[in-house]
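Per this note's numbering, the sequence shown starts with residue 1, numbered consecutively.
Hints are not guaranteed to be accurate.
[As the list claims (entries may be wrong)] Using C-beta positions, here's what the derived DEER-type ranges look like:
#1 P204 to K88: 44 to 52 Å
#2 L173 to P230: 34 to 42 Å
#3 A87 to A249: 27 to 35 Å
#4 Y41 to L167: 43 to 51 Å
#5 D211 to E44: 20 to 28 Å
[Stated by the list, open to error] Cross-link-like lysine-lysine pairs, in silico, DSSO-like; alpha carbons within 27 Å at most:
#6 K90 to K58
#7 K228 to K97
#8 K58 to K132
#9 K58 to K45
#10 K55 to K97
Hints in this document: simulated from the structure, not taken from any laboratory. We put the beta carbon where it would ideally sit given N, CA and C, even for glycine.
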Amino acid sequence: MQLIFLVSSFYATACSCDPPSITEKYVQSDFVANVTIVKIYPNEKNKELYRADIKINKLYKGDQLKSIYVAGNNGGIGSSCSIFIPAKTKLIAYARKNADGKYTIGMCSGLLYIDYSGSYRKKTRKNARQMKNQRRELTILELFKKKNIQYTSKIQFREKAVLHKKLAQFKGLSLKKSYAFFELTFTEHLAVKDVKLIAGFDDPIDNQLIDILKEGSWSSFSNGVKDKVPENSTLLFGIYYYEAENEYASFLSRFYH
Numbered sequence: 001m002q003l004i005f006l007v008s009s010f011y012a013t014a015c016s017c018d019p020p021s022i023t024e025k026y027v028q029s030d031f032v033a034n035v036t037i038v039k040i041y042p043n044e045k046n047k048e049l050y051r052a053d054i055k056i057n058k059l060y061k062g063d064q065l066k067s068i069y070v071a072g073n074n075g076g077i078g079s080s081c082s083i084f085i086p087a088k089t090k091l092i093a094y095a096r097k098n099a100d101g102k103y104t105i106g107m108c109s110g111l112l113y114i115d116y117s118g119s120y121r122k123k124t125r126k127n128a129r130q131m132k133n134q135r136r137e138l139t140i141l142e143l144f145k146k147k148n149i150q151y152t153s154k155i156q157f158r159e160k161a162v163l164h165k166k167l168a169q170f171k172g173l174s175l176k177k178s179y180a181f182f183e184l185t186f187t188e189h190l191a192v193k194d195v196k197l198i199a200g201f202d203d204p205i206d207n208q209l210i211d212i213l214k215e216g217s218w219s220s221f222s223n224g225v226k227d228k229v230p231e232n233s234t235l236l237f238g239i240y241y242y243e244a245e246n247e248y249a250s251f252l253s254r255f256y257h
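The task is simple: from the sequences and hints, build the whole structure.
What follows is the structure, encoded as structure tokens:
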């Protein structure tokens, strides 16, 4: 697995991706599962794409698939965004169905590798944080499965940089849970019609957060159309709690780190 991280680190300098939040990559994907790569095939002719047979260890969303496709290089063409995932790799695959009906993953899919080498498990501060983040992501996926969140939406929503100011009032707060998820429902012109609590902090601030989200301001992009969505479009949205660390106080953030 060390090769994957070396390759990924190299390409990350040349292939720019905005890291998706877990809600973004989950809802925008057509297939989400804990899989093991069983067998890989050479690149399709003149394409930066190769097939990978998979074993599904746990399905979170989508159909039972036997194969997915990797936007990468296995003996074929490759660009700076090309990745290589060898057989026996275990990962969370966030795959989208392309125009040819193929479920694909790539550099910018937000993949989570969960079968690390022994060297990765050395008790360093950085590795401990990575393992903590991995456990959190797996726990969140279990929550989405339990709540039966199965819909897919390709709409790209963006909050207009106001929420972080309103979340500042919760700085220094002590909470037992590290995240809360909400489902926002919009009018076609992006007014928030309703906010539903999916899973909260089990704290009175849940209601405060709902009120804040109802007053939010949003933009959108979908199929070349800006700031207009089908009536009753929904958004799965997370707010995350980060504990105090050294001289920094605890805080809430819309950003998934």
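For each hint, the structure was consulted:
Checked against the hint of 44 to 52 Å, the C-beta distance between P204 and K88 comes to roughly 48 Å, which is consistent with it. In this structure the hint that L173 and P230 lie 34 to 42 Å apart at CB holds, the actual value being about 36 Å. Separated by about 46 Å at the C-beta atoms, A87 and A249 break the suggested range of 27 to 35 Å. The beta-carbon spacing between Y41 and L167, approximately 47 Å, falls within the hinted interval of 43 to 51 Å.
A hinted range of 20 to 28 Å for the beta carbons of D211 and E44 is inconsistent with their spacing of about 51 Å. Restraint check: the Cα-Cα separation between K90 and K58 comes to about 11 Å, which is no more than 27 Å; the hinted pair holds. Distance restraint check for K228 and K97: the Cα-Cα separation of roughly 24 Å lies within the 27 Å cut-off, and the hinted pair is therefore satisfied. Of the pairs offered as hints, the one joining K58 and K132 holds, with about 20 Å between alpha carbons and a cut-off of 27 Å not exceeded.
Taking the CA atoms of K58 and K45, the gap is about 32 Å. The hint is violated against a cut of 27 Å. With a CA separation close to 18 Å, the supplied pair K55 and K97 stays within the 27 Å bound.
In the structure shown, a violation is registered for the earlier hints numbered 3, 5 and 9, in ascending order.
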